[in-house]
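Respectively, the protein sequence lines represent chains C, P and D.
Every letter in the first sequence is one number past the one before it in my numbering, and letter 345, counting from 1, is 756.
Every letter in the second sequence is one number past the one before it in my numbering, and letter 295, counting from 1, is 1475.
Every letter in the third sequence is one number past the one before it in my numbering, and letter 138, counting from 1, is 635.
Think of the hints as simulated: they come from the structure by calculation, not from any bench.
Heads up, some of the hints might be wrong.
Straight-line distance between alpha carbons at most 30 Å, and here's what the computed DSSO-like set of lysine-lysine pairs gives [to be verified]:
#, chain 1, residue 1, chain 2, residue 2
1, C, K547, D, K596
2, P, K1965, P, K1265
3, D, K596, C, K544
4, D, K517, D, K530
5, P, K1312, C, K596
6, C, K834, P, K1311
7, D, K530, C, K830
Just a sample of chain D residues kept apart from chain P, beta carbon distances all over 12 Å, derived [claimed, not checked]:
#, residue
8, H516
9, K530
10, M549
11, V557
12, D609
Bear in mind that the values here come from a model prediction, so they are computed numbers and not experimental data.
Glycine included, each C-beta is placed from N, C-alpha and C at the ideal position.
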Amino acid sequence: MERPLTKNIHPGQEPLSLAEYEKAGGYRSLRKALAMPPQDIVALVKASNLRGRGGAGFPTGMKWGLVPQVGSVPQPRYFIVNADEMEPGAFKDRLLLEGDPNQIIEGIIVSAYAVQTEKAFIFLRREYFLAEKRLKKAIAEAYEKGYLGAGILGSGFNLDLRIHSSAGRYICGEETALINALEGKRAVPRAKPPFPLACGLWGRPTLVNNPETVANIPHIVNNGAEWFKALSACADGGTKIYGVSGRVNKPGAWELPMGTTIEELIEDHGGGMQKGYALRGIIPGGASTDFLLPKHLDVPMDFDSVAKAGSRMGTGTMTVLDDRTCPVGFVHNLEVFFSRESCGWCTPCREGLPWIEKILHAIENGRGESGDLSLLEQHCRLLGPGNTFCALAPGAVEPLQSALKYFREDFERHIREKKCTWK
Amino acid sequence: MITIYIDNKPYQVKPGQNLLQACLSLGFDLPYFCWHPALHAVGACRQCAVKQFKDERDTRGRIVMSCMTPVAEGMRISVDDAEAKAFRKGVIEWLMLNHPHDCPVCDEGGECHLQDMTVMTGHNERRTRFKKRTHRNQYLGPFINHEMNRCIQCYRCVRYYRDYAGGRDLNVFSAHDHVYFGRHEDGVLDSEFSGNLVEICPTGVFTDKTLKQHYARKWDLQTAPSICVHCGLGCNTIAGERYGTLRRIMNRYHHDVNGYFLCDRGRFGYEFVNSGKRIKQPMLSPSLSPSPQGRDASTSSPLAGEDRGEGDLQPFDKESVLGHVTGILSNSKGIIGIGSPRASLESNFALRSLVGPGNFYSGMSEPDHRLISLIIDIHQKGPARSPSLRDVRMADAIVVLGEDLTNTAPLLALSLRQAVRGREFEAAAKLNIPEWHDAGVRNAGRGARNPLFIATPAQTRLDDIAIKTCHAAPDDIARLGFAIAHELDPSAPAVRGLTEGTSSLAKEIAHSLKDAKRPLVIAGTSLFNEQIVQAAANIAAALCAGSTDAALCYTVPECNSMGLGIIGGRNLDEAFTVMDDGLADTVVILENDLYRRADAGKINAFLDRAKHVIVLDHISTRTALRADIVLPAGTFAESNGTLVNNEGRAQRFYQAFVPQGDIQGGWKWIHAIMVAAGRTTADAMQSLDSVTATMADAFPVLAPVKDIAPPADFRIKGSKVPRQPHRYSGRTSMHADVSVNEGKPREDADSPLAFSMEGSEEQPPAPLIARYWSPGWSSVQALNKYQQEVGGELRDNGSGKRLVQPDQHGKPAYFTADPAKASHAMDAAIVPAYQIFGSDELSNYSPAIEERAKAKKP
Amino acid sequence: MLTEEEKREITAELAHCEHKSAASIEALKVIQKRRGWVSDASIRDIAFLLDMTPAELDAVATFFNFIYRKPVGRHVIAVCDSIVCWSLGYDQLRELLQKSLGIGLGETTQDDRFTLLPASCLGACDRAPAMLVDEDLHGPVTPEMIDGILEKYR
Ligand SMILES: Cc1cc2nc3c(=O)[nH]c(=O)nc-3n(C[C@H](O)[C@H](O)[C@H](O)COP(=O)(O)O)c2cc1C
Ligand code: SF4
Ligand code: FES
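Chain C on its own, in the form it takes in the complex (with noise of 0.2 Å):
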C-alpha cells in the first residue's frame, strides 16, 4: 500500500533534511508545476477528488477555482496554511509538520503558485514548538536553494512564505479568525460573506488550506489525478490520516486509504481496547463531532459514509469512549473546553457554551435537577448552524446532543442518584 505523505516520516527521527527530501524525489512536482499553467494544476486538482482535510471536506479544486483570476481584482493574494490544529483529539497535522517539513513547503509552494499567489503564511499553534523549529530550518534551505523568493526556479513565479506563530486560542483554527490574528487583531471571525477568498486578509483574496489537504498537492502533480483516485478506498481520492486515542493499546495515527473502516483503524492500527475496557462509543473527528457507537464500527471514515451515520468525519482522527469513563464527565469536559475557547463576540456562544458546562457540571457532581436535561436538549437546538456566529458552537453542541440520544440513561441515573456512579 503506498503512503504517498508519510513514506518519509520515522517518528522519533529528525525528518529529512532538504538535500535528503530531494533525494527522494522532492521538489520534483515543483519543476512539474512550473512547466504547466497554473489553471491545469487547478483542473488536476479538481479530477482528483481531494477534499479538505481542515475538517469540513469541502473539495479543494473547487475551492482553488473560487480564487478571484488574477487582473480580476487588485494584488496582492494570499494563502495560508491553517496548522492552529487545537481540536481536541486531533494531532494528525502535527505528524506531518514535524515529520516531513519539506513536503508540506513544496505543497504550499505548488498551491500557491496553481492559485498565483506571491505571498503565503503557515499559521502555527503556538505549542508545536518542535514542528516550528523544524519548518523554519526547512523554509531557510528552501531560500536558499531558490524554492521560495522570486524567480523560483528561473520561473517568473515569486513567492515569499512566513510562518506564524500563535498564543493559543482554539478559534483561531476558523479561518477568518485566523485572518484577523494574522492582521495582528483579536481572534474573532468575520461575518460571512464575504469569503476569504473575496475578502481575506488586508481585504484582498485569501485561500485557507488544511497542512494535510498542501501535503496531497505535490503527489498529485507528480503522479496524477487517477493514480491519486485510486489510493482510495471510497470515492473521496487519496490517503488520510487517521489516529486513535484514547484507551486504546496503540494509540497514534496512520496514513491509510480515505475510507478506511473505523473498526480497522481502533483494533488493527489503535491495537484494540485497553485490556478491562470496553468501547461505548468514539467521536469520530474531534471534539466536535457526534457520538458513534459499536454498531457503528463497519462504517469507512469518509466523509459521506460518517455524515450518514449521523456524525462528521473531521479531522479524521478519533478518540474513544470506553465503558469506565463517565459520559457525563467526558461531554462536561468537551464542553468546558468549548466554553473557554469560545471568542466571546456572539451570545449564544459566549453565553450558551458556559450555562451547558454549569448545569453538566452539577449533573455529574450529584447536583443535576429533573429539567436539566431538556434545557440541555433546548441548547443543542439552540446553538445549530446559523444560529452562531461561526462553525464553534454547532460544532461544541454535536457531541452534547447524540450523548443524549446515546447515553440518556446515564445522565437521568445522575440526576435520579444524584451522583455520578463511576466515581
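Could you slot chains P and D with the ligands onto chain C? The hints should help.
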C-alpha cells in the same frame, strides 16, 4: 422599491438595506442590540433572528439574522415564526444570565433597551441557578459612570468609540464570557465624544455621571426640545428638568445636523444652568437704592460679596427695578444696546427695538463682527453651498484651512471622520459588500480614506485621518488657500512668492478637490484671519467655476453668531467710540460678558464712562458685576427662542421648565421694560410668535423663522404637547413642602408645549419632540418610531430652516490675495488655541467640564 | 523600557507586516520570551513601538491564552486538561504536580521556579496525559516520571 413577504404579507421596501432596517422601518417590533443605524450591522448579538424561507413551498425555513441579511425582491421571511421567536427569547435569556436584577434601582431603568427587549421577547422567568459573573468597574472621568456587571457584550461601545469616533483608549479585553469593556487602566476617557456612550450602550454600563449627581428617572423628567448653546453648530438636544434644576442633556436626532450624536461639551456643559453663579433676582446697586424699600433680603445674591468697589448689588423686587430702568431710560441722554451672539434672535431683536436700530451694537468685537458679516455675505452671494453636517459626512474631498475643528466645532470633526470613510464604501461596493455590512466594509476598505487636508497652526485631533497636514502661520494658511484656488481656476488671483512646498501642496490639494464629486472647503473665524475666510471662498468659487458642486463650510464661535450677524448693527468697538464721544450715557447689555471680547482696560473705561449700566444675563459675569441694574435672564432651558447655526439654519429651542422667581427670557424682560415704559410697540414683543412676526417685517431674511416650528396655538386634536411624560410622578406631592395644594400648571403662552403631563400622546411635529417614547420602547431607541425610515428623516421633516441660500448661479467674485500681509515666520505669530473644554464661556461653569479640562492630555 | 535588542527583534518583524499593529502578537511573544511575562509597562512600551495605544495592544494581549499578563515562574508547566488527557489521567497528574510543587493551578512556587497552568488540548492526544514544560512536550506522563521531569528544570 422591491416587494418582500413578511409572514405572507407583501411589503414594499427600499432595496440596498438589511432586513432588520426594513422591518423596523415597516414598524415591526423586532429586537436587536448590536445593530445601530449609525454603526450598522455586525451580527454579534444574534437578537434580531427571523425565519427565512426559500420560496412559497418551503415551510421549514432557516433562522437568519435579519441585520446581516440583505433584502431581496420576492424574499419570504417570518417575524412571527415560533422557532424564531423561541430563539430570540433564548438570546435574551442568555443575556440575562449574568445581568443584575436591579432594574428598580438601576439608573438605566425606565429607559433601558435591554429592559424593553426583555419584555418584548417575553422572557420573564429565570431558569438558571448558577452564580453570576461579576466585574470590577473603572473610573472613566467626570462624564461617564462605569457599571460593567450590566454589560451584555453587544460591542456597541467599542464600535462607536473606536470605529465611529476615532477614540483609542476604550476597548474590549479578554475573551469568552470574560470579555470586558473599558480602558486599559482607570482614567479619564480621552475622546471628546465619550458622552454618546450613554445613548449607545443599550443598558446601564455607561451612564451619565452628571445625571447621577442629581438623579431622576426618564419618566420623571420634564423635557423640551432644545438647541445646544456651546458652539456654532446648533446640535439638537433634549433638556430635562426636575425640581427646578436641569438634570441632563440628551441628543435630539436631527437627520441633517447632529444625527445621533453630541460632543461632550454639548452634553455635559449644561450645568451652568444650575450654577451657584446664577443671577436669580433683579438687582440694584446701592447708588440706585438709597432706601431699603422693595429690598428682598430673603436671599443672597451671587453678585453680593464680590468686590465691586462701590458696594454690593442688592436683590430687589421686579416692579421697583423696572421702575428704575424706565426712569433711567427716559432720562438718559443716549442709550445704546449691546446684543450678544449667545442670545437668541428674539432677545437681540427685542433689544434692538428697545434702543432703536441705530443704537444697537452686536456685542461682537470688531474682527469677529467683520468676519461674521463677511461669511454671511459670502454665503448669500454664493455660488458654493453651505453644507449641513450631513452634507459634510458625505463629502469626498476636504480641505480645512485654519480650524482645529475638534476644539472649535466638535461635531464637525466627528462628521469628517465619517466623510473620509467614503473610499471604504466604494471599495466594498466593488466586492458587492453592502454599506450596512460594517465589518465587511472595514475589511474590504483596508482603511482607504477620502482625501482630507488640514492646514492649521498646530497639530489637531483630526490629523490621524488626514492624508496630509501642514502646520503654518495663519497668513501662510491663507496663502495656501489662495494658491489652491488659483490652481483650480487660473482666473482666481495668484499668490506670489510661494515656497516650493506650498506650491506643490496647493497643486495636490487642488487636484484632489477637482477629482471629487462633493468637495468641501472648511474655514472659520477662530484665527481672526479674514484672509483665510476669503481664501476658502475663493477655493469654493473656483471649484464651482469648474462646475463642481462644491460646499463651503465656515465655523463660527457662538451659538447665534450667524443670527446676530444677520441682525447686524455695529460692532463693540464702535460702541466704545460712541460712549467716548459722549453721545450716549446709558448702556443695556444683553447676555454678554464684554470682558471676553476686548481688552479689560477698554471695557473698564467704557463702563466707567457710562452713567448707567443695565445688564440682562443669567450668570454673574465680570460685566454683570459692573452693572447698576441686573435683570435675571433665562438660560436656554428657561426660555424660548431661535438660534441660527453656522450653516445659516434657524432652529427653535424651547423652555424646559419654569424657573424660580423672576427669571425669564431676555426678550421677555425687554417686553416687560417696554410695558413699564408705556411703549406702544410693546405689544409686538408680547409673545414668541409676535416677536418673530415683527422680526420678519424688519428683516425679510428672517421671515422663515416664523415657520420653523408650529405657532403657539398649534394643537394636536385640541391638545398641547406635554413636556412631562404620562408617567410623570409626584406631581401632587413635589411641592408639598411649600403647599399641599397642587397648583395649576404654569400656562405657556409662547409655545404649543405644556408644563404638564396632560396633552396629546401623539407624535408631535419634529420641532416639538420632547422625548422619544413609544409603547414597548422606552429607551432612546424609540427614535426609530419617529423616523420615516430608520436612520432617515423625522416623520415631519427635520426642524429648522435655512436663512441663507446661496445664489448658485452667482458669478464668482474672487477676493484678492494680500501678499503684504503674508509672513513666513511661524514663530512670530501668536495664535489663539481653542479648547473644547475650557474655551467656551458657559460650559466652564459646569463642574464636570471644569474637571475634564484639568485632566491631562494623552 | 525595552532593550535595544528587544526593539531590534520587534522591528525585524515589522518588515513583514502591512501595518505595524500586525506584529502585535509577535512583539508580545518577543518580550514574553525574554522576560517571562508582559507587564503593563511592557504593554505601553510595545504599543508605542507599534503605533498602537496600550488599550489596543492589551485588547489583543488579553485575548490569547499564552500571553501572560501576570508574572510567572522561570518555567511554565501547561498541563493539558482536554478530553483525551482527561480520560487518561489528567486529574491524577494535576494532583501530583500540585502536591509536588505545593501550589494550585494558576499559581507560582515560592522560589519562582514553576508556574502551573491548565491548558487546552496540546495536540498530543497520542501521548496522553501530556504536559508542556516551557517548550518541551512530555507525554504520556506517568506518576513515576513527574519528579524526574521537574528535576530537569532548575
Ligand atoms: C472553530 C473552528 C476551528 C477550526 N480549526 C481548524 C484547524 O485547526 N485546522 C484546520 O485546518 N481547519 C480548522 N477549521 C476549519 C477552517 O476554518 C477551514 O475550513 C480549513 O482550514 C480549510 O482547509 P481545507 O479546505 O484544506 O480543509 C476550523 C473551523 C472552526 C469553525
Ligand atoms: S458640536 Fe457644538 S453644538 Fe454640537 S453638541 Fe458639540 S458643542 Fe454643541
Ligand atoms: S442586531 Fe442582528 S445580530 Fe445583533
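Evaluation of the provided hints:
no. : hint              : in the structure
1   : C/K547 - D/K596   : violated, 38 Å
2   : P/K1965 - P/K1265 : holds, 22 Å
3   : D/K596 - C/K544   : violated, 33 Å
4   : D/K517 - D/K530   : holds, 20 Å
5   : P/K1312 - C/K596  : holds, 29 Å
6   : C/K834 - P/K1311  : holds, 25 Å
7   : D/K530 - C/K830   : violated, 45 Å
8   : H516              : violated, 8 Å
9   : K530              : holds, 22 Å
10  : M549              : violated, 8 Å
11  : V557              : violated, 9 Å
12  : D609              : holds, 25 Å
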